[in-house]
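Visitor: Residues per chain are reported as follows:
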Amino acid sequence: MKMKLAVSVAGLGILLGAGPALAHHAFAAEYDANKPIKLTGTVTKVEWTNPHTWFYLDVKDSSGKVTNWGFEMGSPNGLMRQGWTRNSMKPGDEVTVEGSSSKDGSNNVNVKAATLASTGQRLFGASSQPGETPVR
Amino acid sequence: MASVTGAAKRRQASMAAAAMLFVMAGPASAQWLKLPLPGTPRLPDGKPNLTAPAPKTPDGQPDLSGIWQADGNRYLENLAGPGVQVPMQPWAAAVYKERQETLGRDKPQIHCMPHGVPDAMLVPGIPFKLIQTPNELVVLYEEFNVYRQIFTDGRALPNDPNPTWYGYSVGKWEGDTFVVETAGFKDGTWLDNGGYPHTDALHLTERFRRRNFGTMQLDVAIDDSKAYPKPWKSATINFKLMPDTELIEHLCENEKDVPHLVGK
Chain B
1 MKMKLAVSVA GLGILLGAGP ALAHHAFAAE YDANKPIKLT GTVTKVEWTN
51 PHTWFYLDVK DSSGKVTNWG FEMGSPNGLM RQGWTRNSMK PGDEVTVEGS
101 SSKDGSNNVN VKAATLASTG QRLFGASSQP GETPVR
Chain W
1 MASVTGAAKR RQASMAAAAM LFVMAGPASA QWLKLPLPGT PRLPDGKPNL
51 TAPAPKTPDG QPDLSGIWQA DGNRYLENLA GPGVQVPMQP WAAAVYKERQ
101 ETLGRDKPQI HCMPHGVPDA MLVPGIPFKL IQTPNELVVL YEEFNVYRQI
151 FTDGRALPND PNPTWYGYSV GKWEGDTFVV ETAGFKDGTW LDNGGYPHTD
201 ALHLTERFRR RNFGTMQLDV AIDDSKAYPK PWKSATINFK LMPDTELIEH
251 LCENEKDVPH LVGK
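Residue numbers (the working numbering), protein chains in the order written: chain B, 1 to 136; chain W, 1 to 264.
What you were told as hints is all true, and nothing was included just to trick you.
Straight-line alpha carbon distances no greater than 27 Å define the calculated DSS-like cross-link-like pairs of lysine-lysine that follow:
(1) B/Lys-103 with W/Lys-256
(2) W/Lys-264 with B/Lys-35
(3) W/Lys-56 with W/Lys-34
(4) B/Lys-60 with W/Lys-256
Just so you know, these hints were derived from the structure itself, not from any lab.
Fair warning: this is a prediction, and the values are worked out from it, not measured in the lab.
Next comes chain B alone, as it looks inside the complex (with noise of 0.2 Å):
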């Protein structure tokens, strides 16, 4: 009996950590919640598109190799009732994102927040991370 009530509020946190789905594609079957990944770079390319936003940044490594990755936020319209417009963030600016690592190993991630090196400026994904109001 105790055991069966264990697994099932572990159950229960699972359900909750997973957290709400996006309506335009699943958050939990692209990315993981559970893998908070934050990275800092110079971004190369902004994508102010539906269905979602994306932004590209040059990531150095330890070793001084640079990646360029991926990263997705919420629709635009979402993005710019949270505040940000389309001239928050410039190819060439430094920005650091923490957000979440994706399932299938590429170099893309799902933006929780992005701060703006330049004005320390932190804001939000609007996409659908837990916790969060989904924003599609």
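With chain B's structure known, arrange chain W on it following the hints.
Guide: For chain W alone, kept in the frame of chain B given last:
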């Protein structure tokens, strides 16, 4: 003396109005994101009065017009309510189980195809606009720029219609409740994000009630004997008004997730 005071008061009032306009209009780029819409009841500080009575049309019906979004995502994953199990035909149960187990990997929206009804209205932050006219109510769903027409001119649902993604809708008032009957769906959409399937036999009844200026409720009855042995009902879905704003274009032009959807 009295006239000087009056002039001063008027000047003060016009300055306050100008200040309010400036604050509400914001920078030029945000003029459609935040702007004072006419017909909005307001509090003394100029903010929308969301608890004011629901507006009425000239013929005395409640007016559902406005931009709405789901008030929370409580029913997004299970339209019937958290933990509620809806009895399904065996094939539908198998489809539903697969959709649950693969975390919604194959839902139509991933391929930029339409969401179902009421799924299109269940996500907070994705608004829809209702425009009520004497002979029809138009629904504009922001996501994917899609629309529905709910005819209120007394026509009946068509016999043997060409199946469509959003079906054919007629509406009528029962007291303060707007009742919408919809049939003629193409199968393939999901009723909610959790993946309730339906067939072309689906007949939906949506019951909308505007509680006050800022809130609206919806109950949905689902009748599809090919997928569900008995008709069933949604939980009551709450919507809140998004005042002083407009819909924004949303075309699915840059879909990049499909190759990365692991699904487990």
